[in-house]
Amino acid sequence: MSKSNDSGRRDFLKKAVVASSVTVAPGVILHTLQAQAEPRTTPVTDKVRWGMLIDTSKCAEGCKDCVEACNKENGLDLVDKPEGASEELWERQRPHWIRQVKLKDNMTGMLTNLVMMCQHCEHPPCVDVCPTGASFKRVDGIVMVDRHICIGCRYCMMACPYKARSFIHADVAAKLTHTPRGKGCVESCNFCVHRLDNGQTTTACQDACKHQAIVFGDLKDPESPVSKALKKYPSVQIRADLKLNTGVRYTNI
Amino acid sequence: MTGKSSITLPAILVSSLWLGTVSAGEAVEGTAKADKLKSCVEPTEVMRRDHFEFIKHQRDLAVHQGIRGSKHSLAGCVDCHARKDAEGKPVPVNAEGQFCDSCHDYAAVHIDCFSCHSTVPGEK
Amino acid sequence: MKKVHFSEWGIESPKYWGILAILGVFVAIAGAAVFYMEHEGHWVTGMTNQIVWGMPHVFAIFLIVAASGALNVASIGSVFEKKLYKPLGRLSGLLAITLLMGGLAVLVLDLGKPDRLLVAMTHYNFKSIFAWNIFLYTGFMVIVAVYLWFMMDRRMTAYYKPAGVTAFVWRIILTTGTGSIFGFLVARQGYDAAIYAPMFVIMSFAYGLAIYILVLLFVSKLDGREVGDKVLYRMKNLLGVFAASVFYFTLVLHIATLYATENHEYEAFILLNGGIYTFLFWFGWIFLGCLLPMALVYHPTIGRTRGGIIAAAVSVILGGFATVYVIVIGGQAFPMAMFPGKTIVASGFFDGVNGQPFLYSPTLAETALGIGGVALVLLLTFIAIRVLQFLPTSLADEAVDPHHAKS
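Residue numbers (my numbering), protein chains in the order written: chain W, 16 to 268; chain E, 13 to 136; chain X, 17 to 423.
Calculated from the structure, these hints are not laboratory results. You may find that some hints are simply not true.
What the hints assert, rightly or not - No more than 27 angstroms apart at the CA atoms, straight line, and that leaves these computed lysine-lysine pairs for DSSO-like:
hint, chain 1, residue 1, chain 2, residue 2
1, E, Lys83, E, Lys101
2, E, Lys68, X, Lys143
3, W, Lys225, W, Lys79
4, E, Lys50, E, Lys83
5, W, Lys235, W, Lys117
6, E, Lys101, E, Lys48
7, E, Lys45, E, Lys83
8, W, Lys87, E, Lys50
9, W, Lys258, X, Lys31
10, W, Lys152, E, Lys68
11, W, Lys96, E, Lys101
12, W, Lys73, X, Lys143
13, X, Lys358, W, Lys247
14, E, Lys83, W, Lys152
15, W, Lys235, W, Lys258
16, W, Lys235, W, Lys247
17, X, Lys358, W, Lys79
18, X, Lys358, W, Lys119
19, E, Lys83, E, Lys68
20, W, Lys87, E, Lys101
21, W, Lys62, X, Lys143
22, X, Lys143, W, Lys152
23, X, Lys19, W, Lys258
24, W, Lys117, X, Lys358
Work out the full structure: start from the sequences and follow the hints.
The structure is reproduced here in structure tokens:
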């Protein structure tokens, strides 16, 4: 076991003292950490794979808390409609990282609510097709875009089976320091990577979900809440037929 | 840093918006953190010659390896070098006559950091 | 058979400059459109986060596909040793290069960051078909340029055939690569079929030859060069074969796709209830692109008139645009099947609620960019034939037909 992982554990224990904990499901505890942000000084390792479990039975109809939290955390709410753009077209052009989807079973009529975002595949099609390598998977499992070498060809958007990516269609006047953003590049959910790199262990959507429908954590740590929950409850991958081994899983679909 | 004090151009910041709504006024000299320091994260001469190498190196480390704590980050540059206007609002570092712009304008070097990156110190 | 001579395009200066000026206007409008799109961002186009590739890609892909096809005429002459085609080789190689330049220009100028072309040239992900294509396209231009040089320079005659074979093999790989851009996309139901690669090759044969015939007849008419029936009939019969081949591949594509029940909804979208896409499929892809040209070129009387042959070539080109539109836009407009057995009844980000297709209406700017690409192709071609000897002085039957004397 690497040194950094050991220290990560220690950090976790230290923080767990100040954490408030919530019962997600019987036996599954969700920690909301008030982390003392300490930026990383060592490279991320493949000892960790970040992942998420979304319990669709808890995802409430009409609730937009996670979407709004994501928009705020990642500066998506700062992306203004350009002057003269049509409202209707702009809605289809503005970036989204997370979205609610409501499903109806064709046979039984059962309704399901869930949220979709980048599924952080182990074998991401967007990474395969990117001509420059801008679309990449970090060793800790986060799929993201290196905007410095993204040329804006949108081939990754063609390749993504989850429609998870957005192209920035206009200049962005206001940016957050931790989430740079500019016209002409593609982006998508990055599991709030700035939080993780600064020592936090939660995503904005997870923190915002008052129904505890989102559990986030390290899939490689058998003791993490997400690993425990995945072990305990049956879960599925969306488009499992593609064998992408997604980092985001769902229960009760 | 020494070279900076000689640059006191009154900047008209028409286009520089902060968080979309607040536009900063004229920068006040001595209001940047860097104004009160003797030298940058490396000796001034080194910074002048190689700052872009540092930033580029840090950029790849940050994006691909998650190392955000380095002293060579662009966010660090902005945090330290952005001045404030009379009302205490930060003035973008790339605004006319401000830290980044003054040199880059003189050297006629156009770079693209701020079409994506924030030009004022971050929320933290 | 007489020795073939070549000469520059000899139309009168005012006419020549007039043509260049008209084309120049279209190129300039495209330039302004690019400036507008890049300055404002892609919100001024009809492209969205659902329809991510639009009109520029339709034009670019059509031109790139046609580029490799335009080289066929030269290949038939040098690789397959058909003497009749040899005088046609130079213009064929030239069109291959200019069509590719036009297509690539459109593709590159639509990028979100066209100023980062250097990045695309220095950072490669070799798993990406796009990255291969960067090599395939630039390599194609170099190889065809060398091929042209060997064709035009007597001292290089010995190397002419190997160059021709290399160019031919390269162009097959190139179009396979272009088709694979779609064939390898597992995410979308309309794509993800290996048959796209060979189908693109056969499409390129048809589009390239149609463009070749039209350009040849146009430039020859203008400076009074004769194009004999022998050459023309040979090419129009070939065009008919290519149109029929496209029809065959289309048939196989849809039958193979229909075989799987999971694809029935997508097939219904393209074939029955997809609105504009269904119309473009039947009227454009099938009727204009395949059936009409076949009927025209094989008609006992119309098929032997210049008008009939020109109409057939125009029909193939219009049908070709419709084909690429249905593939590129239609393939994206059909919502992705993320949840089999379920219907999306509400979505915060346009997931095809109740199976509704995504909307796309191209704007003037992106269409102008595409048209500018076509104008650029013709502009470059006309400049080249004016300054260098690309055109045979005569393609009259007695000048080109090796068997003419005997008959």
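Results of checking the hints against the structure:
| no. | hint | result |
| --- | --- | --- |
| 1 | E/Lys83 to E/Lys101 | holds (24 angstroms) |
| 2 | E/Lys68 to X/Lys143 | holds (26 angstroms) |
| 3 | W/Lys225 to W/Lys79 | holds (11 angstroms) |
| 4 | E/Lys50 to E/Lys83 | holds (16 angstroms) |
| 5 | W/Lys235 to W/Lys117 | violated (30 angstroms) |
| 6 | E/Lys101 to E/Lys48 | holds (18 angstroms) |
| 7 | E/Lys45 to E/Lys83 | holds (15 angstroms) |
| 8 | W/Lys87 to E/Lys50 | violated (37 angstroms) |
| 9 | W/Lys258 to X/Lys31 | violated (61 angstroms) |
| 10 | W/Lys152 to E/Lys68 | holds (20 angstroms) |
| 11 | W/Lys96 to E/Lys101 | holds (25 angstroms) |
| 12 | W/Lys73 to X/Lys143 | violated (40 angstroms) |
| 13 | X/Lys358 to W/Lys247 | holds (26 angstroms) |
| 14 | E/Lys83 to W/Lys152 | holds (25 angstroms) |
| 15 | W/Lys235 to W/Lys258 | holds (19 angstroms) |
| 16 | W/Lys235 to W/Lys247 | holds (15 angstroms) |
| 17 | X/Lys358 to W/Lys79 | holds (22 angstroms) |
| 18 | X/Lys358 to W/Lys119 | holds (5 angstroms) |
| 19 | E/Lys83 to E/Lys68 | holds (13 angstroms) |
| 20 | W/Lys87 to E/Lys101 | holds (21 angstroms) |
| 21 | W/Lys62 to X/Lys143 | holds (25 angstroms) |
| 22 | X/Lys143 to W/Lys152 | holds (14 angstroms) |
| 23 | X/Lys19 to W/Lys258 | violated (62 angstroms) |
| 24 | W/Lys117 to X/Lys358 | holds (10 angstroms) |
Comparing the model with each numbered hint stated earlier shows that hints 5, 8, 9, 12 and 23 do not hold.
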